[in-house]
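Novice: Listed in order, the protein sequences are those of chains A and B.
Each residue of the first sequence is one higher than the last, beginning at 1 in the numbering used here.
Each residue of the second sequence is one higher than the last, beginning at 1 in the numbering used here.
These are calculated hints, taken from the structure and not from any lab test.
One or more hints might be untrue.
[To be verified] To be clear about the criterion: a stretch of chain B counts as covered by chain A if any three or more of its residues have a C-beta under 8 Å from a C-beta of chain A, and this derived list gives those stretches:
hint, segment
1, 313-324
2, 332-346
3, 425-437
Note that beta-carbon positions come from the ideal geometry of N, C-alpha and C, so glycine has one too.
Number of protein chains: 2
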Amino acid sequence: MENFTFSEHNSPVSKKEYEAFVEKKRTKLLLAQFRLRELNIPIMIHLNGMHSSGYTRILNLLNEWMDTRYIETHVHRPDTDEEAERPYFWKFWRRLPAKGTTGLFVGSWYTEPYLRFLRKEGDEQEFLDQMRRISDTEAMLTNDGMLMIKLWLHLSEDDKSKNKSEQLYNRPDYAWEVTMDDMQNGKQYTEKTRLAERVLHLTHTDQSPWYSIDASDPYLCDLNVMDVLINAFKRCIKDAEKNDEGKKNTQILPLNHIGIDHIGGISLSDSLSRKEYGKSMEKYWESLYTKAWDAHKKKRNIVIVLEGADAAGKGGAIRRLIRCIDARLYRVIQIAAPTSIEKSHHYLWRFWMHVPRAGYITIYDRSWYGRVLVERVEGFAKEEEWVRAYDEINEFEKELTDSGAIVLKFWLQISPDEQLKRFKKREKTDYKQYKLTDDDWRNRKKWGEYQQAANDMVAHTSTPHAPWNLISSEDKKFARVQIIETVERALKQLT
Amino acid sequence: MENFTFSEHNSPVSKKEYEAFVEKKRTKLLLAQFRLRELNIPIMIHLNGMHSSGYTRILNLLNEWMDTRYIETHVHRPDTDEEAERPYFWKFWRRLPAKGTTGLFVGSWYTEPYLRFLRKEGDEQEFLDQMRRISDTEAMLTNDGMLMIKLWLHLSEDDKSKNKSEQLYNRPDYAWEVTMDDMQNGKQYTEKTRLAERVLHLTHTDQSPWYSIDASDPYLCDLNVMDVLINAFKRCIKDAEKNDEGKKNTQILPLNHIGIDHIGGISLSDSLSRKEYGKSMEKYWESLYTKAWDAHKKKRNIVIVLEGADAAGKGGAIRRLIRCIDARLYRVIQIAAPTSIEKSHHYLWRFWMHVPRAGYITIYDRSWYGRVLVERVEGFAKEEEWVRAYDEINEFEKELTDSGAIVLKFWLQISPDEQLKRFKKREKTDYKQYKLTDDDWRNRKKWGEYQQAANDMVAHTSTPHAPWNLISSEDKKFARVQIIETVERALKQLT
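Go ahead and model the full structure; you've got the sequences and the hints to work with.
Specialist: Quick look at the structure:
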């Protein structure tokens, strides 16, 4: 672990010296924690390390030295079924620290991939893939302003055999594995250490660095942990105070305009007569009803996303779709402006929270694509944020499909003339007036910009695992049947 | 169901007439919904009724007529393990509507007790007890300002046999029971209806009324549902606008001052020498460590609450306690000022959210008792609110213990002199200064009022299932050992 070693303190100290150091450092630590809270920065501390290295002591000390009101501790536990039936990262997202608070994770997302590979339950490719996903997730969070600190408590083979102070932990009838080294079988020190070192190498970045700390002397270990945190906190405070100056240097990857007008290419001339519509709906509803139950039995989760211009008919389409599905099986999530708790997390957080369990359907009426549509056009997101979002979204949807979910995305297109007609109709209908707001008229004036944003969105997020379905909604009946048919077809193909 | 029948509309209407009615009513419904949102009132609609009575149609229509952005629909689903391992009401608390929003519950807390009794899985006493708990819960929520509307969709035996329109729902290979009548076995119409009627009788109150609506004619049924909602919404708006005038009439049950000075009776002279302390801690730590694991294996959940005057040593006691417990098994919940999402719910909501799963321990550093301590003394809660809270708290803790949890409550007492000494020490210690705020000095001035509040709290909430442990904390070491010893003894008694 030499590459990651942190050892400001390396010569033994007496108890008295130790206490004097702690006294001084804990004030610094506390003040830095308060300042980070004022700056509204979320902190994620990963605590990992060798079995019997004393991570429980460090856990307790951090809660003692810092202001525990703003710390949540999460020790790795076996999955609940709510967790097991969703993508791997869901259980961590649901525990992510909000702005101004600290999440102290013992084990975290490292333990499972490490153990699977060590036990040969997964192969090299899977392991590398998991490390990449961890790195991507950490990059997404640090790009969003999170401070990420990862500690590895290290013991040499000699020290390990000497350390008998935590014998109770060694009783195999207790305990699941918390940190990577907790596995209670005959694996050799060298084999485990080598793999841990690989994990550190594969996931160490400037933004999300590992610090390996020698845990053989508890006093020195404690002091070094304090120093790592104080240094990292201070650096983060300095960066945050420089604020926008610094951020101007952030590299924005140029958007690759592919030159195809996806949105403009949607033919808006299709329509259905009332009779054809009735016939199609009758045909699909029973079939869809049955297939949704089949999908439930197969424990597949289904994510359906509807996006489109204002008045494109998303709500009406969803209501027709859900008439064909047993109310037990779906939930419709209406995306309105984010609440304060939602604002205190990464923008994807609130969508993660609604990811369906195995066997269920979540229908998002508007979605995470708001980031690259309204937030982009109206300037609610900075350019670096929405440009970054394409990759983040693709990664998020990949997590979903990798976990066995089907992702069905629909873009509903209408012409500006049709939109105007619908706006006017809304103005005249009492119970529809509320649907028409000043925002709608404002957005309408930026028609071209919204179309450009939609076009870029389709170009950058139509992936093999989650392609966009572009639907003409100029005729509402046609759109509804298209959507129901697409969902039905996708469910039919489930094995 | 005659007692609960609502039938403003009772003679058949043509399709055209129906549409004209709906057009008019949905505007009223929508406007009333918006007004209730402005008034920050949470709405809970319970939709229940006969199998094939068309509750899915009503569900979809309500989502169509009203503004769905502020509605969350919750169709009864089988428990997840996270739900099954907590008290019965937990799964409903986690879904309760926040202020200004609507929760539409199909089935809700009625389905399970009804079915258990119908299937003879539980006896008469259990059934009555469950109905009382439902009534208490509903009263707690409506007292807190929630609008509660309960709809029963009724079919006569003849109508039921005629109604074949939802045949798919009758396929027994689909579906768990959503509403009470969904059970797919040979129970007779009369038996089921009688039991449903009992449920309605036992849980109908002015604040939380049932409305039974004839579901044989869908048009009339729809219109009557609309009328029930419009009337209830309007009545609630009127009451809320009258606001405090009306509330002055709320009856406040006089507090029963029992006359025993529980708090003053705590002997503060006990103390432990450093040596005795060290010996006791050594004795208990291993024993507690082991017993916490035993409790985990027995799947018992443990709730530990620490309350006490400022500087009474809660934090320090918790840190000593958790050193004796494997970090895998517990979580410490620090209770700070409520966040905005917490404020938009009943004050117990945030504590419900942290209730431990089977086999785990939650330690609350301050708790729901804030309602009858700081909120009472500082006037953050109205008198009617904190007086009501004693019963609400007892009921909440009863839910916990009934579900198999152990509830251990500690009050830490110190003398005013000792408090002053500790305040002064905090002023002088760098890393402790933040713990001393203006609030602490303010609270200190009201020492007598706080003691009175603590005394009333102990008198009214020391129940057989969850008694208070009154601990002298004048000597911190003594208090710590007392707490650890009490926890250890409670765990030892678990079977």
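Novice: Could you run down the list of hints and mark each one as holding or not?
Specialist: For each hint, the structure was consulted:
1. 313-324: holds (count 4)
2. 332-346: Result for this restraint: holds, n = 6.
3. 425-437: holds (count 3)
Violation of the numbered hints given earlier is absent; every hint is satisfied by the structure.
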